[in-house]
Amino acid sequence: MVRCAIHRSLRSEEPVELWDRDAMELPVVAVGSTVIAEDRWHDQLWAAVPQRVVSSSSDELISYVPTGAVATRASSRGLPGTAELSRDERKLLALRSRQARVVETREGPDKLFFYRADRWSRINLGWDHTTGAFLGWYVNFEYPARPTATGVHTMDLVLDIWVNPDRTWEWKDRSDYLEVLRDGTLDPGIDGELRTETARVLQEISDRSGPFAEQWLTFRPDEHWACPTLPPSFAWGGAGWSLPAGPRLDPST
Numbered sequence: 001m002v003r004c005a006i007h008r009s010l011r012s013e014e015p016v017e018l019w020d021r022d023a024m025e026l027p028v029v030a031v032g033s034t035v036i037a038e039d040r041w042h043d044q045l046w047a048a049v050p051q052r053v054v055s056s057s058s059d060e061l062i063s064y065v066p067t068g069a070v071a072t073r074a075s076s077r078g079l080p081g082t083a084e085l086s087r088d089e090r091k092l093l094a095l096r097s098r099q100a101r102v103v104e105t106r107e108g109p110d111k112l113f114f115y116r117a118d119r120w121s122r123i124n125l126g127w128d129h130t131t132g133a134f135l136g137w138y139v140n141f142e143y144p145a146r147p148t149a150t151g152v153h154t155m156d157l158v159l160d161i162w163v164n165p166d167r168t169w170e171w172k173d174r175s176d177y178l179e180v181l182r183d184g185t186l187d188p189g190i191d192g193e194l195r196t197e198t199a200r201v202l203q204e205i206s207d208r209s210g211p212f213a214e215q216w217l218t219f220r221p222d223e224h225w226a227c228p229t230l231p232p233s234f235a236w237g238g239a240g241w242s243l244p245a246g247p248r249l250d251p252s253t
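Read in UniProt numbering, the sequence shown has 240 at position 240, and its numbers run on one by one without any break.
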């Protein structure tokens, strides 16, 4: 089990130039390496999550994020007029207005991420950090992942599917997705891509293939892996962020 210390680390991992950022294939990286998964919105850094590489090829990148790993994200939390808004409402407000601050977040539960070349979704598998129980799959619809100097970049497209351990499934945030298509926050042209991607994912669920194969349910990370951390440029207050700094995590929690 990978353990992430509760206190904030005094040293962050330095970024390493891993591959050609202009390539369209996924990066091929050594198992156990740290990659940074970025969300970018209108060419601004919008999220940065440190991940350990489980498997890597030009067609598929599988990575692991343990409970407690610290990420940075754009958030409208704490901005004027947001006190009464839900988390989802704040998320949509930030996307529409592009007014946000950089906040630290702690990842959880333990997650395995599947990025696949030219696919419009990332599949996440989750486990309870305490019991090791498998919780299910989360289908996060997003732009196809592209390589960067230190990992991959993509962008969340609001729509999600939750898949239970028995492989029954349900939409998440579908009404919000339709709303941002109507108001032009997201390009309506992506809807056809996401419909095609939905059909592919549902077929994989039915076939128990890809990320939905039985073999992944018993995945356990290398016990010698350290908790992945962000390099300074992606951390809170880092030079990679153009947004102002917002709340940090309480190091005692």
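Hints were generated in silico from the structure; no laboratory data involved. Built from N, CA and C at the ideal position, the CB exists for glycine as well. There may be inaccurate statements among the hints.
Stated by the list, open to error - Using C-beta positions, here's what the derived DEER-type ranges look like:
#	residue 1	residue 2	range
1	Leu85	Gly184	18 to 24 Å
2	Asp59	Glu214	35 to 41 Å
3	Arg208	Ser57	38 to 44 Å
4	Trp41	Arg174	26 to 32 Å
5	Thr218	Ser86	32 to 38 Å
6	Pro165	Ala239	38 to 44 Å
7	Asp59	Pro232	40 to 46 Å
8	Leu202	Asp250	24 to 30 Å
9	Gly184	Ser57	22 to 28 Å
10	Ser242	Pro165	36 to 42 Å
Claimed, not checked - Think about it this way: if two alpha-carbon atoms lie no more than 20 Å apart in a straight line, the pair counts; the simulated SDA-like pairs of lysine to any residue are:
#	residue 1	residue 2
11	Lys111	Val54
12	Lys111	Trp162
13	Lys172	Thr218
### Message
Looking only at beta-carbon atoms, does the pair Asp59, Pro232 fall within the given range of 40 to 46 Å?
### Response
Taking Cβ atoms as reference, Asp59 and Pro232 lie about 31 Å apart, which means the hint is violated.
### Message
Tell me if the beta carbons of Leu202 and Asp250 are separated by a distance inside 24 to 30 Å.
### Response
violated (41 Å)
### Message
Just to be sure I understand the hint, the distance between the Cβ atoms of Thr218 and Ser86 should be within 32 to 38 Å; is that true here?
### Response
holds (36 Å)
### Query
Straight-line Cα separation of Lys111 and Trp162 no greater than 20 Å?
holds (14 Å)
### Message
Quick check: does the Cβ-Cβ distance between Arg208 and Ser57 fall within 38 to 44 Å?
### Response
At roughly 21 Å between Cβ atoms, Ser57 and Arg208 fall outside 38 to 44 Å, so the hint is violated.
#### Entry: Given pair status - Thr218, Lys172, alpha carbons within 20 Å
Not satisfied, since the Cα-Cα distance of roughly 26 Å exceeds 20 Å.
### Straight-line alpha-carbon gap Lys111 to Val54, limit 20 Å
Cα-Cα ~12 Å, so holds.
### Query
Between Leu85 and Gly184, does the beta-carbon spacing fit 18 to 24 Å?
Holds: the Cβ-Cβ distance is about 21 Å, inside 18 to 24 Å.
### Task
Just tell me: holds or violated, for the beta carbon distance of Pro165 and Ala239 against 38 to 44 Å?
With a Cβ separation near 42 Å, Pro165 and Ala239 satisfy 38 to 44 Å, so the hint holds.
### Message
For the hint 22 to 28 Å, verify it against the beta carbon of Gly184 and that of Ser57.
### Response
The hinted range 22 to 28 Å is violated for Gly184 and Ser57, with Cβ atoms some 37 Å apart.
### Query
In this structure, is the beta-carbon distance linking Ser242 and Pro165 contained in 36 to 42 Å?
Because 40 Å falls inside the window, the suggested range holds.
### Task
Can you let me know if the beta-carbon spacing of Trp41 and Arg174 is within 26 to 32 Å?
Violated, since Trp41 and Arg174 (Cβ atoms, about 21 Å apart) do not stay within the stated range.
Hints 2, 3, 4, 7, 8, 9 and 13 from the list above are not met by this structure, while the remaining hints are.
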